[in-house]
Amino acid sequence: MTPDNGRVLEASNLRKVFGDLVAVEDVSFHIGEGETYGLLGPNGAGKTTTISMVIGLLERDGGEVVVAGNPVTTKSTTAKAAIGYVPQDIAIYPDLTARENLSFFGHLYGMGGSDLKRRIDELLEVIGLADRADDRSEEFSGGMKRRLNIGIGLLHGPRLLMLDEPTVGVDPQSRNAILESVERLSGEGMAVLYTTHYMEEAERLCDRVGIIDEGQIKAEGTRAELVSLVGQRDKVSLVTADHAQEVAEALASHPDVVEVSGNESGIDLLVSGAAAALPALLQLAAGAGASVTSVEVVEPNLEAVFLHLTGKALRD
Amino acid sequence: MRAAALIMLKDLRQRVRDRSIFLWGIIAPLGLAAIFSLVLGGITDTQNLDISYGVVDEDGGAQAALFIEEVLEPLNDEGLFTIEPMGSEAEADQRTGDGEVEATFLLPAGFSDAVGAGQPASILVIGNVDSPTFSQVARSIAGQYAGQVNTINASLFTYLALSGEAPDPATLEPLVGEVLAVTPPLTLVDSEAASKQLSAATFYSAAMAILFLFLTVQFGVLGLLEERQNETMRRLLAAPISRRSIIFGKALTSFVIGLASMAILVIGTTLLLGAEWGDPLGVAILVLAGVIAAMGIMFVVTAFAKTPEQAGNLQSIIAFVLAMLGGAFFPVAAEGILGRLSLLTPHAWFLRGLGDLATGSGVEGAFPAALYVALFGIVTGGIAQFRIGRVVRP
Ligand SMILES: Nc1ncnc2c1ncn2[C@@H]1O[C@H](COP(=O)(O)OP(=O)(O)O)[C@@H](O)[C@H]1O
Ligand SMILES: [Mg+2]
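These protein sequence lines map, in sequence, to chains A and B.
Numbering-wise, the numbering used here puts 210 at position 209 of the first sequence, and it's gapless, one number per residue.
Numbering-wise, the numbering used here puts 394 at position 391 of the second sequence, and it's gapless, one number per residue.
Simulated from the structure, these hints should not be mistaken for lab results.
The hints are all genuine.
Taking CB as the label site, the calculated pair distances span:
1) A:Asn44 / B:Ile38: 53 to 59 Å
2) A:Ser115 / B:Ser364: 53 to 59 Å
3) A:Gln217 / B:Asp21: 41 to 47 Å
4) A:Glu65 / B:Pro397: 19 to 25 Å
5) A:Asp21 / B:Arg390: 22 to 28 Å
6) B:Arg390 / A:Asn44: 30 to 36 Å
7) B:Pro397 / A:Gln217: 19 to 25 Å
8) A:Pro95 / B:Gly34: 28 to 34 Å
9) A:Ser77 / B:Gln313: 28 to 34 Å
10) B:Arg390 / A:Glu34: 38 to 44 Å
11) B:Ile381 / A:Thr78: 24 to 30 Å
12) A:Ala314 / B:Asp21: 41 to 47 Å
13) B:Arg16 / A:Ser77: 27 to 33 Å
Where is the CB? At the ideal position from N, CA and C, for every residue including glycine.
Let's have the full structure, built from the sequences with the hints guiding it.
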């Protein structure tokens with residue numbers, strides 16, 4: 002993807018202040034066609050505020066947003082028509098059926114007639130609510146409401162989809178279905194902005210991730226790029242049947258081993274380039290007289306990146 | 004515009020499904036109107052048939068004659084009540100006490116002289132204890148007439164003093180007479196006499212309709228706060244429609260629900276309770292104005308409330324206070340602070356407008372009242388527009 006070509010969203014220098022609180026400061030990012038961009042950060046980081054500015058829900062105190070070539074303000078209907086929005090909290094009319102909810106919002110987006118009918122039927126299949134289409138949504142389970150919440154955002158076939166923590170409070174099965182459909186939509190060329198405080202979701206879905214905390218993007222890039230910020234330090238966990246003390250001392254002598262710590266069942270090492278050093282490490286362990294019963298290598302993840310950048314855990 | 008209509012249709016679907024709209028918009032006002040007119044109808048229904056007032060002229064002067072000719076006799080001729088001339092205060096005491104007349108006006112000796120001399124003049128009223136309402140009506144007629152005479156007197160007195168002429172009773176008396184003759188003294192009985200024109204069934208039908216109208220308009224405009232509470236406001240704001248159209252859509256919902264419930268109530272009370280609303284076009288104009296007034300207040304409440312619950316409570320309180328002040332439950336004295344406050348309420352004017360229609364005036368009889376009622380809504384609603392923006396955000 003070339004930088005100026007196929008950019009569905011371009012947000013630059015966003016800023017939002019609530020009273021004394023600077024909720025979002027100098028946030029910039031862009032999303033291309035078929036790309037999924039993640040905003041990963043803890044509660045209160047400024048994810049929802051950022052999304053709200055990007056889709057023209059909230060007045061900005063600074064910055065610019067362009068969606069599909071059209072500048073976004075709270076008044077711009079052209080840009081808004083290109084965006085599908087899934088709010089963090091379930092935003093549906095409980096006393097209307099699933100079909101009525103979809104139909105109302107479809108009409109608001111300028112759809113109608115048999116096209117809309119067909120699209121609603123299609124979508125009801127996708128979100129797995131076809132057999133409950135004519136039940137009032139207040140009777141739905143939490144997961145079903147979530148799926149309807151997402152369905153409304155997808156209805157008009159937007160070029161840019163904004164998902165604000167869509168899996169919070171969802172059972173594992175529904176969550177997986179949601180993640181799969183995001184992957185499929187992205188594969189069909191939709192640009193997706195996905196906010197989450199779940200590291201695994203960001204790693205699985207997002208082509209690029211912005212790590213956001215206290216209203217600022219602390220780092221941005223692909224998973225590999227972000228991980229390289231912490232240095233290529235992998236975590237290696239060894240479980241030995243005996244001689245734990247001797248093994249620990251022997252391993253500490255290896256030049257690639259940065260840190261050694263013991264736990265109840267074995268030894269944890271922080272190693273730069275575990276893949277290359279592993280054979281030598283196992284030899285050292287054997288030389289110390291220990292029989293190693295299991296080895297686990299964990300490459301650094303976004304959780305570690307977040308910890309590295311902010312000094313705190315993603316979830317408290 | 005299309006978006007506003009879509010929002011209104013969606014709202015109507017929700018409201019119809021909810022059903023409470025039928026309770027507030029139709030069943031409660033109809034039921035209460037039926038109960039009130041059954042319970043209180045006995046008293047009020049007979050009143051138009053034969054109310055009579057006595058009059059004793061112990062003065063015998065020109066001013067007393069003027070009061071009898073210009074005030075009492077026209078009312079007599081219009082059939083509002085009959086006037087019984089009586090010879091003396093003693094006779095009046097007795098015949099009023101016996102209940103032969105509801106009350107008697109007593110023009111005391113020296114009334115004309117007092118008026119001519121620019122001194123305070125008063126008309127006494129002897130009331131029958133069993134007929135407090137009509138004694139009160141008589142007192143207010145007498146009191147306001149005397150007040151009017153005294154005001155004119157004082158103005159003339161001041162005018163003459165300023166122009167350097169000596170305020171001579173001989174100059175003053177004919178002047179007072181002239182002014183009184185050109186001032187229609189009947190204005191002073193307007194509110195009382197007019198509302199008495201409505202039969203109990205009509206009065207309470209109208210009163211309950213206007214009371215509940217201020218409650219049913221909640222089902223639209225207040226929805227702005229509900230949309231915010233259940234987060235759907237975010238979706239409306241994210242959709243390619245203007246913020247104006249969101250507000251307009253909610254206003255449309257209130258308007259349609261208010262108008263529909265009023266139409267059903269007018270027809271329903273006519274068929275079921277025998278209410279006589281008067282000239283249909285005049286009623287339509289008053290109803291339209293009433294809906295606008297109710298929406299105006301609803302917009303103010305919505306613009307200032309924090310939650311839909313708070314707004315609902317506030318609107319109910321205001322609806323009842325205005326209805327009470329406006330005389331929808333019981334007559335409010337036309338004088339004093341309460342009387343003046345009463346005339347600020349759209350309710351008082353709505354009922355007064357219907358009274359004017361009932362006295363047989365054509366459509367145009369409803370115009371002044373309708374104008375005030377509609378202006379009330381336009382002004383309050385207009386003020387609210389400066390602040391309603393705070394509700395139309397995430
Ligand atoms: N309307 C508002 N008024 C005041 N403060 C707000 C408002 N919305 C959000 N905030 C504050 O801004 C910060 C960012 O909030 P938010 O964007 O909702 O974070 P996130 O979505 O990442 O959890 C938080 O500290 C939050 O309390
Ligand atoms: Mg959030």
